[in-house]
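Colleague: Construct all of the structure, not just a fragment, from the sequences and the given hints.
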Amino acid sequence: MLNISFPKLLMIWLTVIVGLTFAMPNAFYGRVETHNDAMALIETGQTSAALEADAAQWPDFLPSSLVNLGLDLRGGAHLLVEVQVEDVYASFLEGFWPSVRDALAAERDTVGFVTREDSIPTELRVRISEPVGADRAFQIVRGLASPVASFTGAAATNIDVGINGPILTITLSEAEMAAMNERTILQTLEIIRRRIDEVGTREPTIQRQGSDRILVQVPGVGSANEIIELLGTTAQLTFNPVLGRTGEADASPGTGNILVPSLDEPNVFYILERRPVVTGEDLENAQLDFDQNGRPAVAFRFNTSAAREFGDYTLENIGSPFAIVLDDQVISAPTIQSHIPGGSGIITGNFTVEEATNLAVLLRAGALPAELTFLEERTIGPELGADSIAAGQIACIVAGIAILVYMVLSYGLFGVFANIALIINVGLIFGLLSIVGATLTLPGIAGIVLTIGMAVDANVIVFERIREELKTAKGPARAIELGYEKALSSIIDANITTFITAVILFTMGSGPVSGFAVTLGFGIMTSVFTAIFVTRSLIVIWFSRARPKTIEV
Amino acid sequence: MRLRLVRENTSIDFFSRARIWLGLSMVAMVIAFVSFLIQGLNYGIDFQGGTSIRTDSAIPVDVAEYRTVLEALELGDVSIATVDDPLFDEDQYVALVRVQAQEGDERIASETIESIQTALRTIDPGMTFPSVESVGPKVSGELIQTAIIAVGLAVIAILLYIWMRFEWQFAVGAVLALSHDVILTIGIFSELQIKFDLAIIAALLTIVGYSINDTVIVFDRVRENLRKYKKKDLKEVLNLSINETLSRTLMTSVTTMLALLALFILGGDVIRGFVFAMMWGVLIGTYSSIFVASTILLVLGVKRDWSKKDPSAGTKYGHIET
Chain E
1 MLNISFPKLL MIWLTVIVGL TFAMPNAFYG RVETHNDAMA LIETGQTSAA LEADAAQWPD
61 FLPSSLVNLG LDLRGGAHLL VEVQVEDVYA SFLEGFWPSV RDALAAERDT VGFVTREDSI
121 PTELRVRISE PVGADRAFQI VRGLASPVAS FTGAAATNID VGINGPILTI TLSEAEMAAM
181 NERTILQTLE IIRRRIDEVG TREPTIQRQG SDRILVQVPG VGSANEIIEL LGTTAQLTFN
241 PVLGRTGEAD ASPGTGNILV PSLDEPNVFY ILERRPVVTG EDLENAQLDF DQNGRPAVAF
301 RFNTSAAREF GDYTLENIGS PFAIVLDDQV ISAPTIQSHI PGGSGIITGN FTVEEATNLA
361 VLLRAGALPA ELTFLEERTI GPELGADSIA AGQIACIVAG IAILVYMVLS YGLFGVFANI
421 ALIINVGLIF GLLSIVGATL TLPGIAGIVL TIGMAVDANV IVFERIREEL KTAKGPARAI
481 ELGYEKALSS IIDANITTFI TAVILFTMGS GPVSGFAVTL GFGIMTSVFT AIFVTRSLIV
541 IWFSRARPKT IEV
Chain U
1 MRLRLVRENT SIDFFSRARI WLGLSMVAMV IAFVSFLIQG LNYGIDFQGG TSIRTDSAIP
61 VDVAEYRTVL EALELGDVSI ATVDDPLFDE DQYVALVRVQ AQEGDERIAS ETIESIQTAL
121 RTIDPGMTFP SVESVGPKVS GELIQTAIIA VGLAVIAILL YIWMRFEWQF AVGAVLALSH
181 DVILTIGIFS ELQIKFDLAI IAALLTIVGY SINDTVIVFD RVRENLRKYK KKDLKEVLNL
241 SINETLSRTL MTSVTTMLAL LALFILGGDV IRGFVFAMMW GVLIGTYSSI FVASTILLVL
301 GVKRDWSKKD PSAGTKYGHI ET
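For the record, the sequence lines run as chains E and U. For the first sequence, counting from 1, position 17 maps to 17 in the working numbering; every step adds exactly one. For the second sequence, counting from 1, position 223 maps to 223 in the working numbering; every step adds exactly one.
Be a bit skeptical, because a hint or two may be false.
Lysine-lysine pairs mimicking DSSO-like chemistry, simulated, CA-CA at most 27 Å apart [claimed, not checked]:
no., chain 1, residue 1, chain 2, residue 2
1, U, K232, E, K471
2, U, K230, E, K471
3, U, K235, E, K474
4, U, K235, E, K471
5, U, K303, U, K231
6, U, K230, U, K303
7, U, K231, E, K471
8, E, K474, U, K228
9, E, K474, U, K232
10, E, K474, U, K230
Partner residues aside, some chain E positions facing chain U, computed with beta carbon under 7 Å [unchecked claim]:
no., residue
11, S388
12, I389
13, L470
14, S490
Reference listing, derived: stretches of chain E covered by chain U, where coverage requires no fewer than 3 residues with Cβ under 8 Å from a Cβ of chain U [to be verified]:
no., region
15, 342-355
16, 369-379
17, 394-405
Since the hints were made in silico from the structure, they are not lab data. Where a beta carbon is used, it is the ideal one built from N, C-alpha and C, also for glycine.
Modeller: Laid out in structure tokens, this is it:
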């Protein structure tokens, strides 16, 4: 009749105890956080009395995972950036042009002269002067293609060549673009991670989203601008030979050369050789330094091979100027005074200490393979987050008390059982959130409050059913049993439909919305569990002890 | 003595004025639709792109003054709204400044944000900006698309589930009822011009979930009673089922409402719009599961000879072993 087998009872309460144990650290948030931070540092090999003391604030045998607080609660910056992969296509084609030119020049007899036509950056257009040689030219260029390792295993080459009269159009093949995207994004992710780690904020989230986007979330940053400044620079550093200076923005630099504006001198442009002597990729280190006048500068050191190249170049070109170019701007163009053999030097410019520090960070972390576009930017101040948490807590408590009182007024002792289940329910939600390391957002708190309201629903369905059954059934035990039995289908149907919406919200939503979906989804699971098992076992335990002749629900 | 929202053994006839209720719902939906067409929604930056800055100052907000300093920047459409909340400190004055997405600018210019902040600091040098949010037109376009897909998918998924578990008439009734709820919720946001952003979509989907929850409870009872009382006509069975579940329906609405009310009053201004949407949804959802969903079921009719293949609805999932 109305009893639950002991093993089952044990399982139910064991689940509750485990769930609540995992929820517990959240009640001591600050303390556990200090412990976790200290433990993380100790694991990296650091030890100190202060760290040990911090670590001892929370016993090791207890679970220590916490519910992550979302940016809207903790404060911080959220950025969605798009990687301009077309940049990489363009620069690949740019680099491809000389080999096309040389290969065709070797067959000048059949194809004639080779010239480059203007085109959009993602294609390379080449004109040959002998249209009859077009087929030959086509074959030559096709011959330059190299195979792409693609995931499908299908043989693909990296370029597509089209021909229209005397004009050859070279574009990247689908497979190459896909492979290039993949490489670019991974590289960008890595560099973003390094740049942000250099600043040393805690627990940044750097995630790929879709094919060419990256989500960056950095807690505890006062303004997204700090991050934008850090990420907005590609930090492409090159050292190019200087051919001349001019005051005209549209001066023609000549083949193989480029016109680059100066950073601090207005209306000054440098004519540089396009091919750099050395680039930032060869840097081994960069750090803040000061020049002989005490102005901030960036000291750098090249790796061995680049140091040799740079040394040779300086030896051969004493007396001529070279330019330090950062992201298409000439930072400075000193004259080579002497042979620089060690591969180290300093970059001076009109830097502030902060700018020089940032530049050093950027140079150390490496250049971005492509420019980033900022699509979405959100900064939440920590005070606003703290206010939201406080408001959420108060609302939870008030809502909780109102519902507890209301349930007791409506269902008496059974209401008390439902209330115990409700409190356990909230604990279990936090337990689940902690176990999976979910992020709690402001809408997430609303989700919990809503769950508190809706969690009693399953109990209400059962209790109302028991009331009905009491009118007809033989005795209270049977009524309770029937009540649970008949209410089950309603409870399951009703909650599955709500759960469907939670799942859809989770998959479609981003940030705060998916945070809400997570708490809603967990809330549905725990509230069904507590209503079917916890309240029921409470009622059964009470019933088997009290053995009442009649019950009032 | 227990607190009872509903007398025991009610026998209210919910369909005596079915036409009035349906008519009322139709009129409300038409108003919602017209309002949506005429004044549209007050889209937040999530859906329209642009920048929204929350200012916090010790000096009372003078909207005209804010407007003057910002107009000098020539940023196009600027809206300034003061925010008031009982939880604020005594000398805390908060406003929300919103600037439209800059023409032809796919990316977010941090210079623009900085210039706005500098301009506003001329009013109060101690002004702080607790939140700055900027969404580019590209992302906002995608967000709105995703939102529409999400709501659509949810409705279809529910339609399929109810169809599977009940009969198609139930599924149609349930889906029409929740479309009714969604339309009326969008309608009130349009009518009152409350900010419509991503969080409201979350609220909308929760309303869908809540409303369907309510409807399913009633339908479940209808199915059970159809098997129990083979001789009663559909209208009687529907009435009986609604009456039997009325106490639960109202009970749950009240507890949910209590929770939402606490959040509405004490939860701070940031989520107030979100909570408002949900409160409205609970109200509408409760109404629609009683009046809309069941009335549609009555109109469509239900074939009743499926009792043979499934004699006991309550045991579909088996007994819980006790």
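Colleague: Mind checking the CB of S490 (chain E) against every CB in chain U and telling me if the closest is under 7 Å?
Modeller: 4 Å, holds
Colleague: Is the Cα-Cα distance between K474 (chain E) and K232 (chain U) 27 Å or less?
Modeller: OK: K474 (chain E) and K232 (chain U) at ~26 Å, within 27 Å.
Colleague: Given a cut of 7 Å on the nearest C-beta pair, is the interface hint for I389 (chain E) held or broken against chain U?
Modeller: With a minimum Cβ separation of about 10 Å from chain U (threshold 7 Å), the hint on I389 (chain E) is violated.
Colleague: Given the hint that K235 (chain U) pairs with K474 (chain E), test it: the Cα-Cα distance must not exceed 27 Å.
Modeller: Distance ~30 Å between K235 (chain U) and K474 (chain E) Cα, so the pair is violated.
Colleague: Are the Cα atoms of K230 (chain U) and K471 (chain E) separated by 27 Å or less?
Modeller: Status holds; Cα separation ~22 Å.
Colleague: When you check the alpha-carbon spacing of K230 (chain U) and K303 (chain U), does it fall within 27 Å?
Modeller: With a Cα-Cα distance of about 11 Å, the restraint between K230 (chain U) and K303 (chain U) holds, given a limit of 27 Å.
Colleague: Taking the closest Cβ pair, is S388 (chain E) under 7 Å from chain U?
Modeller: Given a least distance of 6 Å, the restraint on S388 (chain E) holds.
Colleague: Would you check chain U against the region 394-405 of chain E, counting CB to CB pairs closer than 8 Å, and say if three or more residues qualify?
Modeller: holds (count 7)
Colleague: Has the region 342-355 of chain E got at least three residues whose CB is nearer than 8 Å to a CB belonging to chain U?
Modeller: violated (count 0)
Colleague: Are there three or more residues in the region 369-379 of chain E whose C-beta lies within less than 8 Å of some C-beta in chain U?
Modeller: That given contact holds, which follows from 7 residues of the region 369-379 of chain E lying within Cβ reach (below 8 Å) of chain U.
Colleague: For K235 (chain U) and K471 (chain E), compute the direct alpha-carbon distance and say whether it is at most 27 Å.
Modeller: Judged against 27 Å, a Cα distance of about 24 Å means the pair holds.
Colleague: Report holds or violated for the interface hint on L470 (chain E), using the least CB-CB distance to chain U and a cut-off of 7 Å.
Modeller: With a closest approach of 11 Å, the L470 (chain E) hint is violated.
Hints 3, 12, 13, 15, counting from the list given before, are not met by this structure.
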